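From just these sequences and the hints, can you work out the full model?
If you use the working numbering, the sequence shown closes out at 302, no skipped numbers anywhere.
To be clear, the hints were calculated from the coordinates, so they are not data collected in a lab. A portion of the hints provided could be inaccurate.
Stated by the list, open to error - Pairwise CB distance ranges (calculated):
(1) Arg116 / Thr185: 46 to 54 Å
(2) Gly46 / Leu231: 55 to 63 Å
(3) Leu245 / Ile45: 53 to 61 Å
(4) Glu87 / Ser199: 33 to 41 Å
(5) Asp246 / His77: 42 to 50 Å
(6) Ala133 / Thr202: 13 to 21 Å
(7) Pro213 / Arg116: 41 to 49 Å
Since the model is a prediction, treat every value here as computed from it, not as a measurement. From the three backbone atoms N, C-alpha and C, an ideal C-beta is built for every residue, glycine too.
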Amino acid sequence: MTTKARLRALVELADTGSVRGAAERLVVTESSISSAVRALSAEIGIALIDRHGRGVKLTPAGQRYVEYARRILGLHDEAILAARGEADPENGSVRLAAVTTAGELLIPAALASFRAKYPGVVLHLEVASRNAIWPMLARHEVDLVVAGRPPDDLRKKARVRAVSPNTLIVVGPPAMAGDVEPATATWLLREPGSGTRSATTTLLDELDVNPPLLVLGSHGAVVAAAVAGLGVTLVSQQAVQTRLDSGELVQIPVPGTPLNRPWHLVSQTAPTMSTELLLTHLVGNRDLGWRPIGTVRSAAS
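Structural data, given as structure tokens:
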């Protein structure tokens, strides 16, 4: 096994918690996974895993090593994409990650528009919670992220390239139109790690109320629950505009709302040329709703 393959084996072992799980993901034998981890442990002279029954657990040294392994693998992939994109940006690859709401609301139209103009660029999209996608950018596993405001610890490691309007409002079924008491209404929350959930809990803290809560697993589930009359929820106005127009939902006046929470398009500090091609396309098409921050380097320059 090459060093890259060994690092990949260790990362998959960390993610799955078992030799079998790692082997299934990589489509290799279990003995190959075990050999790779032993080789890495021998190289650095420290045990990276502890065995617990049929599973394995990373040692503290192993947990630290895996952090570097993820970054090394991400940088290696980025280097390949950068080299290929430098030679031929219109036939390169771009790795994107987006939070769920942005993945449903903004990304489809943006990528469809880009693919129509640049069919040779291969696009990879990962949709996950903000707690998952920002570390992916830090580890160089993705080239672009579409989400809310990036965390402070990423400010010097990444670049905000553009913003797009995103207004958060409280909505509920028509039966709740008018005055709703925030302290007694049932609030529908997104899954842990959601930026909208975080904004909701912050709003409730600022209102100094402790209302009943109902946690659901996705943006779609929260909206469906609001339509069904289960409660009120803080949500992107753009994401529910059609339901507001149809009368399925109504905007609920709540102190402190609406909230301005623009989407951010964030890249690595040194983007690949194919990534710059996508950025140029997004900010150059006003219909897509992105306003550039700073300058976007032309892939043709």
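Comparing the hints with the structure gives:
{"no.": "1", "hint": "Arg116 / Thr185: 46 to 54 Å", "in the structure": "holds, 48 Å"}
{"no.": "2", "hint": "Gly46 / Leu231: 55 to 63 Å", "in the structure": "holds, 57 Å"}
{"no.": "3", "hint": "Leu245 / Ile45: 53 to 61 Å", "in the structure": "holds, 57 Å"}
{"no.": "4", "hint": "Glu87 / Ser199: 33 to 41 Å", "in the structure": "holds, 38 Å"}
{"no.": "5", "hint": "Asp246 / His77: 42 to 50 Å", "in the structure": "holds, 48 Å"}
{"no.": "6", "hint": "Ala133 / Thr202: 13 to 21 Å", "in the structure": "holds, 19 Å"}
{"no.": "7", "hint": "Pro213 / Arg116: 41 to 49 Å", "in the structure": "holds, 44 Å"}
In summary, this structure violates none of the numbered hints.
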